[in-house]
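K.L.:
Number 262 in my numbering belongs to position 11 of the sequence shown; there are no gaps in the numbering.
Worth flagging that the hints you see were computed from the coordinates, not collected in a lab. Do not take every clue at face value.
What the hints assert, rightly or not - Here are the simulated distance ranges between beta carbons:
(1) 440 - 409: 17 to 25 Å
(2) 301 - 386: 18 to 26 Å
(3) 453 - 323: 28 to 36 Å
(4) 415 - 453: 21 to 29 Å
(5) 352 - 433: 13 to 21 Å
(6) 277 - 355: 43 to 51 Å
Said to hold, decoys possible - In silico lysine-lysine, DSS-like type, Cα no more than 30 Å apart, as pairs:
(7) 404 - 322
(8) 357 - 347
(9) 357 - 404
(10) 322 - 347
(11) 379 - 322
Glycine included, each C-beta is placed from N, C-alpha and C at the ideal position.
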Amino acid sequence: MAFARPSVTPSASGETMTISAMTTIPDRELYAPLFSPWLASSGDFRSYYEVAAARTLVSPDRCHVLYTLLKQAIHVEGDVWECGVYKGGTAAMFAKILRRLGPWKKLFLFDTFEGMPETDADRDIHRKGDFSDTSLESVARYVGESDLCVFRKGLIPQTFSGLEGARLAFAHIDVDIYRSILDCLEFIWPRLSFGGFIVFDDYG
């Protein structure tokens, strides 16, 4: 049984060109990779993806990449960061993986939890207020408030304040704004441990 597409839809004008392309390209199935482990009807990944699916726009194949790389990063020095949390789908998947495989790590979650701030019309697809159908309280309930999770509400890079001494094993950057992506990379890269991973949801 194949996975369905994520059930979450962007709020307001938040439908991206990527999502549009997924639904309008003729014969798009022809471009699917032949090796598609995320389509397996059983196995370890499925149990983790089911946690994410109801509250994410990240497709099953990209969730499989996140799942695979985070497992590889478990024994790399440092914590796990997600910049751009939205409704908490992938954050909940990360939390489930860490509770089982790396409970000594912290999961830092950075977001306004109020939708997009001001954006640059010349560079960014999204506009202020997109993805505003979320809140810190709802995400915390879904992900699970525990010693594992650290919620940092506000704008990037201001929410990185006080974390200058951090070490990272894994970072998922999904902020959709050019300037914020650059701010994330400039802060995270020097703090990434040897063998760690940075995954960009919107690369290219």
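K.L.:
Look at each hint and say if it fits the structure.
P.N.:
Checked hints:
| no. | hint | verdict |
| --- | --- | --- |
| 1 | 440 - 409: 17 to 25 Å | holds, 18 Å |
| 2 | 301 - 386: 18 to 26 Å | holds, 23 Å |
| 3 | 453 - 323: 28 to 36 Å | violated, 22 Å |
| 4 | 415 - 453: 21 to 29 Å | holds, 26 Å |
| 5 | 352 - 433: 13 to 21 Å | violated, 31 Å |
| 6 | 277 - 355: 43 to 51 Å | holds, 49 Å |
| 7 | 404 - 322 | holds, 26 Å |
| 8 | 357 - 347 | holds, 12 Å |
| 9 | 357 - 404 | holds, 16 Å |
| 10 | 322 - 347 | holds, 11 Å |
| 11 | 379 - 322 | violated, 34 Å |
The structure fails to meet hints 3, 5, 11 from the earlier list, while all remaining hints are met.
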